[in-house]
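A.B. asks: Build out the structure end to end from the sequences listed, making use of the hints.
Okay, here's what each chain looks like letter by letter:
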Amino acid sequence: MTGWERFLDTFFNARVMAKYWPDILYGMVVTIELAVLVVIAGITSGLVLALLRALGFRPFNWLLIFVVDVFRALPPLVIIVLIYFGLPSLDITPSGFVSTWLALSLVLMAFAEEIFWSGITAVPRGQWEAGRSTGLSFAQTLLGVVLPQALRMTIPPLTSAPSPSPRERHSVPSLRCLRFSARPHRRSPTATIPRR
Amino acid sequence: MLDTFFNVEIMRAAWPILVAGLGNTLLLSATVVPLGLLGGLILALLARHRSPWIRWPLMAWVDFFRAFPPLVLLIFLYAGLPFIGLELNGFGCVAIAFFLNTGAYYGEILRAGIDSVPTGQTEAARSTGLTGGQTLTYIVLPQAVRNVLPDLMSNTLEVVKLTALGSVVAMPELLFQARQAQSLTYNPTPIVVAALMYFALLWPLVRLLSRLENRALRTG
Numbered sequence: 003m004t005g006w007e008r009f010l011d012t013f014f015n016a017r018v019m020a021k022y023w024p025d026i027l028y029g030m031v032v033t034i035e036l037a038v039l040v041v042i043a044g045i046t047s048g049l050v051l052a053l054l055r056a057l058g059f060r061p062f063n064w065l066l067i068f069v070v071d072v073f074r075a076l077p078p079l080v081i082i083v084l085i086y087f088g089l090p091s092l093d094i095t096p097s098g099f100v101s102t103w104l105a106l107s108l109v110l111m112a113f114a115e116e117i118f119w120s121g122i123t124a125v126p127r128g129q130w131e132a133g134r135s136t137g138l139s140f141a142q143t144l145l146g147v148v149l150p151q152a153l154r155m156t157i158p159p160l161t162s163a164p165s166p167s168p169r170e171r172h173s174v175p176s177l178r179c180l181r182f183s184a185r186p187h188r189r190s191p192t193a194t195i196p197r198r
Numbered sequence: 024m025l026d027t028f029f030n031v032e033i034m035r036a037a038w039p040i041l042v043a044g045l046g047n048t049l050l051l052s053a054t055v056v057p058l059g060l061l062g063g064l065i066l067a068l069l070a071r072h073r074s075p076w077i078r079w080p081l082m083a084w085v086d087f088f089r090a091f092p093p094l095v096l097l098i099f100l101y102a103g104l105p106f107i108g109l110e111l112n113g114f115g116c117v118a119i120a121f122f123l124n125t126g127a128y129y130g131e132i133l134r135a136g137i138d139s140v141p142t143g144q145t146e147a148a149r150s151t152g153l154t155g156g157q158t159l160t161y162i163v164l165p166q167a168v169r170n171v172l173p174d175l176m177s178n179t180l181e182v183v184k185l186t187a188l189g190s191v192v193a194m195p196e197l198l199f200q201a202r203q204a205q206s207l208t209y210n211p212t213p214i215v216v217a218a219l220m221y222f223a224l225l226w227p228l229v230r231l232l233s234r235l236e237n238r239a240l241r242t243g
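Chains as they are written, first to last, in this note's numbering: chain F, 3 to 198; chain H, 24 to 243.
Calculated from the structure, these hints are not laboratory results. Some hints here could point you the wrong way.
Sample of chain H residues facing chain F (criterion: CB under 7 Å; computed from the structure) [said to hold, decoys possible]:
id, residue
1, Leu68
2, Leu225
3, Trp226
Between beta-carbon pairs, the in silico distance windows are [unchecked claim]:
id, chain 1, residue 1, chain 2, residue 2, range
4, F, Thr95, H, Tyr161, 57 to 65 Å
5, F, Val100, H, Tyr161, 35 to 43 Å
6, F, Ile94, H, Tyr161, 53 to 61 Å
7, H, Arg169, F, Thr46, 33 to 41 Å
8, H, Leu235, F, Ala20, 23 to 31 Å
9, H, Ile65, F, Asp11, 29 to 37 Å
10, F, Asn63, H, Glu32, 15 to 23 Å
11, H, Val95, F, Trp6, 20 to 28 Å
12, H, Gln157, F, Val18, 48 to 56 Å
Per the computed footprint, the stretches of chain H lying under chain F, defined by three or more beta-carbons under 8 Å from a beta-carbon of chain F, are [unchecked claim]:
id, segment
13, 46–60
14, 116–122
15, 143–156
16, 184–191
17, 227–236
Just so it is clear, CB atoms sit at the ideal spot from N, CA and C, and this is done for glycine as well.
C.D. replies: If you want it as structure tokens, here you go:
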């Protein structure tokens, strides 16, 4: 057996591949399910939190910032382990899938909240003032005037689109948190909000 | 509930194990961050090479390691390298995996930073008589690093968090030690304490980053 044959036999063994192909395929389906569910839950809850933060209720915002900090500072693996081994002590026994989903959703929630909040604060004050002075309520201004503009700015960092030029980069939190989940994704090295 | 999650007795028993783990986490971070930066710098400098024969494979390399989950890379190295006669311990595998993975990320960030320095700077430096190496060291890199500092810090935060993956290859870092203590005591307290240690370690960095991000938006 030459070295090359041994290499192929070790790393690209057809027999092993054929045998475990269904298992790997099943694993891939689970990965995709998990990724989709994490993205849905994380982005939605992040958006809701960013909108709640816009209400400007101080004590609530401090709590929110703290929670976001916690999930940005802790390694995702630690959160998964904490949920999987901690919650059973409270008589809640989440499965591995649910633990992972919950942990990664919380992490994504924290990052998404920061991104959406950056978008909301990047909308000029004049937009708020103009919205309110045309008679729109606070909620109408937030949802109808500010949010659409904010969302447009947050699409690049959220979808990992490359920025037009490196000199027009803003530094906003990026979706690096998802590196842990086995989801291959491409994103620009520095998350971006286009400068106006 | 206090007895379950903040059991003082277990905390006291697990403390030395956890502190040793924290020490290893710090040591691991202090190894892989410079390694990643070095790899990134090499990639960023090579990415400016004139020949497409160097640039294209390099781009493929960077894309590959950015798309490849670090955990899979780590397990692959740990399980696969012995077959080609390279027996590495957990630390070695983590170092190589991080060099490849975080090097690719650092490389992209540094490349963006170098691109952000106007060509006039290089031209001016060269025409005052500085050599290519001097221009890079004293003119281009300082400005490049300053321009992408928040991104570099954010990546460093992620790298330190990623060292928790070392627990998968029996590297006795903080999470691994906490898991050991937890399985010995059947109590989640050690993991809670480990989480608090991670938080205490990384919260200052998260706060600082948050400030930088907000400032970038305001002055942007």
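A.B. asks: For every hint, state whether the structure bears it out.
C.D. replies: Hint check results:
Checking Leu68 of chain H against chain F by beta carbon gives a least distance of about 15 Å; that is not within 7 Å, so the hint is violated. With 7 Å as the threshold, the beta carbon of Leu225 of chain H comes within range of chain F, its nearest partner Cβ sitting at about 4 Å, so the hint holds. The interface hint given for Trp226 of chain H holds, since its Cβ lies 5 Å from the closest Cβ of chain F, which is under the 7 Å cut-off. The hinted window of 57 to 65 Å between Thr95 of chain F and Tyr161 of chain H holds, with their beta carbons roughly 60 Å apart.
For the pair Val100 of chain F and Tyr161 of chain H, the supplied restraint of 35 to 43 Å is violated, since their beta-carbon distance comes to about 54 Å. For Ile94 of chain F and Tyr161 of chain H, the Cβ-Cβ distance of about 58 Å falls inside the hinted range of 53 to 61 Å, so the restraint holds. About 37 Å separates the C-beta atoms of Arg169 of chain H and Thr46 of chain F, a value consistent with the hinted range of 33 to 41 Å. In this structure, Leu235 of chain H and Ala20 of chain F break the distance hint of 23 to 31 Å, their C-beta atoms being roughly 52 Å apart.
For the pair Ile65 of chain H and Asp11 of chain F, the supplied restraint of 29 to 37 Å holds, since their beta-carbon distance comes to about 33 Å. In this structure the hint that Asn63 of chain F and Glu32 of chain H lie 15 to 23 Å apart at CB is violated, the actual value being about 38 Å. Between Val95 of chain H and Trp6 of chain F the beta carbons are some 24 Å apart, a value that agrees with the proposed interval 20 to 28 Å. A beta carbon spacing of about 54 Å between Gln157 of chain H and Val18 of chain F agrees with the range 48 to 56 Å that was offered as a hint.
Only residues whose C-beta sits within less than 8 Å of a C-beta in chain F count toward coverage, and the segment 46–60 of chain H has 0 of them, not enough to reach three; the restraint is violated. With 0 residues bearing a CB less than 8 Å from a CB of chain F, the segment 116–122 of chain H misses the requirement of three and the coverage assertion fails. With 0 residues having a Cβ less than 8 Å from any Cβ of chain F, the segment 143–156 of chain H misses the three-residue criterion, and the hint is violated. Interface restraint, the segment 184–191 of chain H with chain F: holds (6 residues with C-beta to C-beta distance below 8 Å; minimum three).
Judged by the Cβ-Cβ criterion of 8 Å, the segment 227–236 of chain H is covered by chain F as claimed, because 7 of its residues qualify and three suffice.
Going down the numbered hints, you'll see the structure goes against 1, 5, 8, 10, 13, 14, 15, while the others check out.
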